[in-house]
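Visitor: Residues per chain are reported as follows:
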Amino acid sequence: MDATNLERNFYLAFLLKELEVPVLFILNFMDVVKTKKIEINIDRLSELLDAPVIPTIAIKKKGITEVKDLIKNAMDEQTLIITKEFKVIYSKEIEENIKQTIKQLKINSPSFLPEKRRWAAIKILERDKEVLKELSTVNGGKTVIENVKEFASESLEFELAKQRYNKISEIIHKIYKQEKGVLTISDILDQVFLHKYFGIPIFLIIMWAMFEFTFRVSAPLVSLIEVGLDTLGNITSSYLAENAWYTSFIVDGIIGGFGAILGFVPLIFMLFLVLSFLEDSGYLSRAAFVMDRAMNKIGLHGRSFVSMILGFGCNVPAVMSCRAIESEEDRLTTILVNQNISCSARLPVYMLFGGAVWSGMTGTIIFFLYSIGILVAIGMALFFRKIIFKGEAPPFVLELGDYRMPTFKYTGIHMWERGREFIKKAGWIIFTTVVVMWLLLNIGIDGSWAPDIEHSLLAGIGKLVQPLFAPLNWSWIATAGLIFGFLAKEVVVAMFGLVLIGAEEGIGLGEAAVAALPATSIATSSVPILVFGYLVFVLLYTPCVPHIGAVYKETGSKKWTLVSASYGIFLGYLFPLAINFIGGIYF
Amino acid sequence: MEIVKNKRSSLSILALIVCIFSFFIAAMELILIGMETVLESNVLLFFTSPGDPIFETTFLDHVIKSLVNIVIGGIFFMGFLGLRKGTLKGFSFLIGGGILALGIGLLFVSIWFANLIDTTILGITNPGVWKEFCNYKRYTVRMVSHYCGNLHNHHLEKSRKIFNCLIFFIFSNFYFFKFTNFLIINTAN
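Protein chains in written order, with the numbering used here: chain A, 1 to 587; chain B, 588 to 776.
Worth flagging that the hints you see were computed from the coordinates, not collected in a lab.
Glycine included, each C-beta is placed from N, C-alpha and C at the ideal position.
You may find that some hints are simply not true.
Here are the simulated EDC-like pairs of lysine to aspartate or glutamate, each with C-alpha atoms no more than 20 Å apart in a straight line [what the hints assert, rightly or not]:
no., chain 1, residue 1, chain 2, residue 2
1, A, 103, A, 18
2, A, 99, A, 159
3, B, 676, A, 18
4, A, 167, A, 93
5, A, 87, A, 159
6, A, 36, A, 402
7, A, 103, A, 115
8, B, 676, A, 190
9, B, 676, A, 187
Here are a few chain B residues that face chain A, going by a calculated C-beta distance under 8 Å [as the list claims (entries may be wrong)]:
no., residue
10, 618
11, 651
12, 661
13, 662
14, 664
15, 676
16, 679
17, 682
18, 691
19, 698
20, 704
21, 709
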């Protein structure tokens, strides 16, 4: 439990106690408790909760040995850490209802949770869906549900919560003391970081700094991998038979295509390092709070921004996180707009092209692309909330923990946990896609093996859809990349790596990709416009197939899944068209 | 908070100095849009590492850096006003602005080292990278001689000489200020 916020954490403690399972309470953040000049009477608290309570400072490993010893002793001696003496006593009327429900359970469903009848009765009275479902499957369960129907209601849940909080207040009054007027560093920083006017500019500066750091500091590692892959490619091709299929597969397919994506692994890890740092420091929840003010004005719930922040990593868990949003309108809106938030899979594409066209300011360009994503998400949210899902946004309640200095160890662990997902994806989805693309590149339209690239099946697929993108002037490599990018956006990079591996003598893959992007030759001054348009398309069109699956799972609606998939493509097409048009006037 | 009260006067002066620095840098960033050549020559002299992307700074880069400095300057200005009034909020702004400036300062330091490592790695396989860097250094020396030589150039008007020297002085120190911005705040705090 967070010792600095006992009131909220005790609620969970009460629920656990009601569950009548062995419980050991660990009060963490005792260092912050000291800083805030809070006094907690641990012994008295242990008495009142009728369970052991151990104070800890987990980050400094203080109190961890005591916790381990206590658990070990309890297991060795086969003793429960709790007794059943602790009970939340509710009002007379509710207690009578609980008693009646227990009686019903004993008579009609004696086999239903005999050890935890009081807990089961409370849940039945609260009309807890899971418990009612479970009860209806056992013998006599339906009779119990029918018999207690008159005094069970969903509103009782609020009454029970209220009474639990009353009991919590009583306990806190007995064990908790805080010196008045204590100002912590968190209070001081919040005056600036949550400032009415400075809050959003500070958030934008931090975002910009994040991308500058991510791009520039990962550059040496990306260079190192590129140099390594080039050397590996040269060594491998010199040892293997020339023109053999396996040489092409290893050198072009694996090293050229798959390696092009692997080269960007440090970039992804660096982004996750900064995101983990911001999260561990406590700033990320502040960002959601700051943005809530702006989002509330457009009728969107502040929690939507929390989901959006998750989208910086991957849009799929971000869509899943929308389950926590209670209002159906807000939930659907957040699910539908989350795809505009640029996920880490798009980052290699930005870096490939951005590094070649805007080498001195790739970080700034990436910041702009991310900002466009956020602005489009806000614009679409406005559209959905004002036109389709009308209604007021409910107030946003968010717990702002204290600022903490992130530790190298835990920030590293969080970075690794997120980055590991990218490696897993690269190891399975991306690798398989690259193998398929390599096969398509080596099979001719007429069925021949290793044809000229222009006559390969891959080129055939690219050229099939290319006319649709004729107004945008993108080559078949670019359009084929977008098609396979539906599986995972990183594949766009692999597409260029695979096709251009022989064409990049003396220049980097980025420069070769930029040169291969236009379908017809264009003026040098127009290249940045074309590239920017392509990157905006990559940003806005449907993230990937797993995202479509997640949207379907979370909305349960084919209609909204189709809306999500199609409006992204529409916007993705519209924006580059506008960029080309406006850019064409000036360049 | 007694410490704050005692140091209020010196802290408010510090806040004002950093505020002026930040606004000065913000203004310089905007002026620099049209004066890329001068920037390159002087920045190279002081802080560049091989391959430093400062060579390729552009319009947007300057605009963003300018806005960042305006916000930091604004925060310190609020800090200055608050400290003069003796409010705790002023102290908050000083700390908050300091942390933000420290973060941005660390960003530049990390980028500086990353560029050095990157060029070293690229230089292993491509010696042309080093040659390019040496060319820039020669260019720097030429530019510096050009501006310093102005003093002895009898063909130039006196006002032009002063202007050139002023520009040289400002830009020679420009990144020094930026680089030490966070150090000043950190040490003072």
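Visitor: Each hint: holds or not?
Guide: Here's how the hints hold up against the structure:
1. For the given pair, residue 103 of chain A sits about 18 Å from residue 18 of chain A by alpha-carbon distance, which is consistent with the 20 Å threshold.
2. Note on residue 99 of chain A and residue 159 of chain A: the hinted pairing holds, with a Cα-Cα distance of about 17 Å set against a maximum of 20 Å.
3. Proposed proximity of residue 676 of chain B and residue 18 of chain A is contradicted: the alpha carbons are some 45 Å apart, above 20 Å.
4. Proposed proximity of residue 167 of chain A and residue 93 of chain A is supported: the alpha carbons are some 17 Å apart, at most 20 Å.
5. Between the alpha carbons of residue 87 of chain A and residue 159 of chain A the distance comes to roughly 17 Å, so the proposed pair stays at or under 20 Å and holds.
6. Using a Cα cut-off of 20 Å, the hinted pair residue 36 of chain A and residue 402 of chain A holds, with the two alpha carbons roughly 10 Å apart.
7. Using a Cα cut-off of 20 Å, the hinted pair residue 103 of chain A and residue 115 of chain A holds, with the two alpha carbons roughly 14 Å apart.
8. Annotation: proposed proximity of residue 676 of chain B to residue 190 of chain A holds, straight-line Cα distance about 10 Å (limit 20 Å).
9. Among the hinted pairs, residue 676 of chain B with residue 187 of chain A is consistent with the structure: their alpha-carbon atoms are about 10 Å apart, no more than 20 Å.
10. The restraint placing residue 618 of chain B at the interface with chain A is violated, with a minimum CB-CB distance near 18 Å, outside the 8 Å limit.
11. Restraint check, residue 651 of chain B versus chain A: the minimum CB separation of about 6 Å is within 8 Å; hint holds.
12. Look at residue 661 of chain B: its Cβ gets to within about 7 Å of chain A, closer than 8 Å, so that hint holds up.
13. A least Cβ separation of about 6 Å between residue 662 of chain B and chain A falls short of the 8 Å threshold, and the interface hint therefore holds.
14. Residue-level restraint check for residue 664 of chain B is violated (minimum Cβ-Cβ distance to chain A is 11 Å; threshold 8 Å).
15. Below 8 Å, beta-carbon pairs count as interface contacts, and residue 676 of chain B has one with chain A at about 6 Å; its hint therefore holds.
16. With a least beta-carbon distance of about 4 Å to chain A, the hint placing residue 679 of chain B at the interface is held under the 8 Å criterion.
17. For residue 682 of chain B, the interface hint holds, the least distance from its beta-carbon to any beta-carbon of chain A being 5 Å, beneath 8 Å.
18. Taken as an interface hint, residue 691 of chain B checks out: its beta carbon lies about 6 Å from the nearest beta carbon of chain A, inside 8 Å.
19. Restraint check, residue 698 of chain B versus chain A: the minimum CB separation of about 4 Å is within 8 Å; hint holds.
20. Hint status for residue 704 of chain B: holds, given a least beta-carbon distance of 4 Å to chain A, under 8 Å.
21. The beta carbon of residue 709 of chain B is positioned within 8 Å of a beta carbon in chain A (closest approach about 6 Å), and the interface hint is therefore held.
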